[in-house]
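K.L.:
Which chain is which? The protein sequence lines are A and B, in order.
Per the working numbering, the first sequence starts with residue 122, numbered consecutively.
Per the working numbering, the second sequence starts with residue 122, numbered consecutively.
Hint data in this document are derived by calculation from the structure and do not stem from the laboratory.
Keep in mind that a hint or two might mislead.
For identical chains, the list gives no copy identity; a pair is met inside one copy or between any two copies.
As the list claims (entries may be wrong) - Capping the alpha-carbon separation at 16 Å, the derived lysine to aspartate or glutamate pairs in EDC-like fashion look like this:
{"no.": "1", "residue 1": "K126", "residue 2": "D331"}
{"no.": "2", "residue 1": "K246", "residue 2": "E330"}
{"no.": "3", "residue 1": "K246", "residue 2": "E221"}
{"no.": "4", "residue 1": "K126", "residue 2": "E330"}
{"no.": "5", "residue 1": "K126", "residue 2": "E221"}
{"no.": "6", "residue 1": "K284", "residue 2": "E330"}
{"no.": "7", "residue 1": "K284", "residue 2": "E221"}
{"no.": "8", "residue 1": "K246", "residue 2": "D331"}
{"no.": "9", "residue 1": "K284", "residue 2": "D197"}
There are 2 protein chains.
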Amino acid sequence: MRKGKISPAVIRRLPRYYRHLDGLFSAGVVRISSSALAGNMGLTASQIRQDLSCFGEFGQQGYGYNVERLRGEIADILGMNRHHTVVILGAGNLGKALLENFPFQQYGFRLEAAFDIDPALVGTKLGGVRIYHPDDMAEFLRGHPADLGALTVPGRIAVPTAKRLAAFGVKGIWNFTNVELPEAELAGVRVENIHFADSLLTLNYFISEDQS
Amino acid sequence: MRKGKISPAVIRRLPRYYRHLDGLFSAGVVRISSSALAGNMGLTASQIRQDLSCFGEFGQQGYGYNVERLRGEIADILGMNRHHTVVILGAGNLGKALLENFPFQQYGFRLEAAFDIDPALVGTKLGGVRIYHPDDMAEFLRGHPADLGALTVPGRIAVPTAKRLAAFGVKGIWNFTNVELPEAELAGVRVENIHFADSLLTLNYFISEDQS
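Given the sequences, and given the hints that come with them, work out the whole structure.
P.N.:
In structure tokens:
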């Protein structure tokens, strides 16, 4: 159903479409017009039609979108049916938040293990997932190759840890450290950053503007 | 030094400029050419010149940028010198990560308090910040108005908690829940979202594309 290459801007909107369609599906909605979906999402109907035109003929004049089919197609585009494996590097507060609270399985991922140097954590489980010492990473990953690594280590070891993950064949790094990873040295590994500071400062810009 | 309105796309790049310039300043760099700064950041020199032209004449032909002045100007634009106050709603794993690990002060914020219903947490301190029961929020905020609220509560109470914050006069909500807040019902409060799922699914799209 897919037509050609999808622009990065559309890709970044897809997870949001997925979340909305998943909510509609769970609520028993079978179909929705582009204008109703747009109203839900604070977009215009024409933007939605343009974004979703990449996925073939899900929208029909006078019918709208079949919620379940469109949700399935977007899940497929986002690779949710590939059941990629994930390991978490760093089981501090943020690593714990991912282990205990983030619904990896619901989004099609298999969370395999976490790694931390804290002797109090090594050998225990958090959110049902075992914590290993980083020294055992090579052996673990040989038996259980990981597609994705979530990086929640302290900033000072972010780069060497990312390089280790790349050397072990991970395909993507989900980077929560405040450090920019040297992508050129990461052997083609994709990096997606969650920079808390950038987000907070952007918010602060807007509230400061409102006050001035 | 500021010239007119800055586009949202430039705003979103400013924190990254700030981080780079702060790193350069800490390393003792006094000035930098736009091409060297561009090389550092994986951008083109002309993009940098265009972005930074909003801030007046910091760049000079044959001189480049004065690192300290440009860093200061960007900090100012981002409202870092306003010392906005922050409260955290929810001191679970993610709230703890913010309390104990996020350098609010370094970015010009004053972290005032956190709120959680857990009796084991109420009355204690995390990262030097006291945890209160949400029932005491009205009284606390009357004495210590908060500019910003970080929302790290469970998704099912995200919307009512955001509405309470709005009613208490908060100007911005930093939303970590996986829930989209109804901005129209939040009385002009600015919302900035960190959607973990959207970020992970975007990364997953790119690694899935690489494999196919």
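K.L.:
Determine for every hint whether it applies to the structure shown.
P.N.:
Cross-check of the supplied hints:
{"no.": "1", "hint": "K126 <-> D331", "result": "between (39 Å within a copy, 12 Å between copies)"}
{"no.": "2", "hint": "K246 <-> E330", "result": "neither (46 Å within a copy, 33 Å between copies)"}
{"no.": "3", "hint": "K246 <-> E221", "result": "within (10 Å within a copy, 22 Å between copies)"}
{"no.": "4", "hint": "K126 <-> E330", "result": "between (38 Å within a copy, 10 Å between copies)"}
{"no.": "5", "hint": "K126 <-> E221", "result": "neither (36 Å within a copy, 43 Å between copies)"}
{"no.": "6", "hint": "K284 <-> E330", "result": "neither (40 Å within a copy, 22 Å between copies)"}
{"no.": "7", "hint": "K284 <-> E221", "result": "neither (26 Å within a copy, 27 Å between copies)"}
{"no.": "8", "hint": "K246 <-> D331", "result": "neither (46 Å within a copy, 32 Å between copies)"}
{"no.": "9", "hint": "K284 <-> D197", "result": "neither (29 Å within a copy, 35 Å between copies)"}
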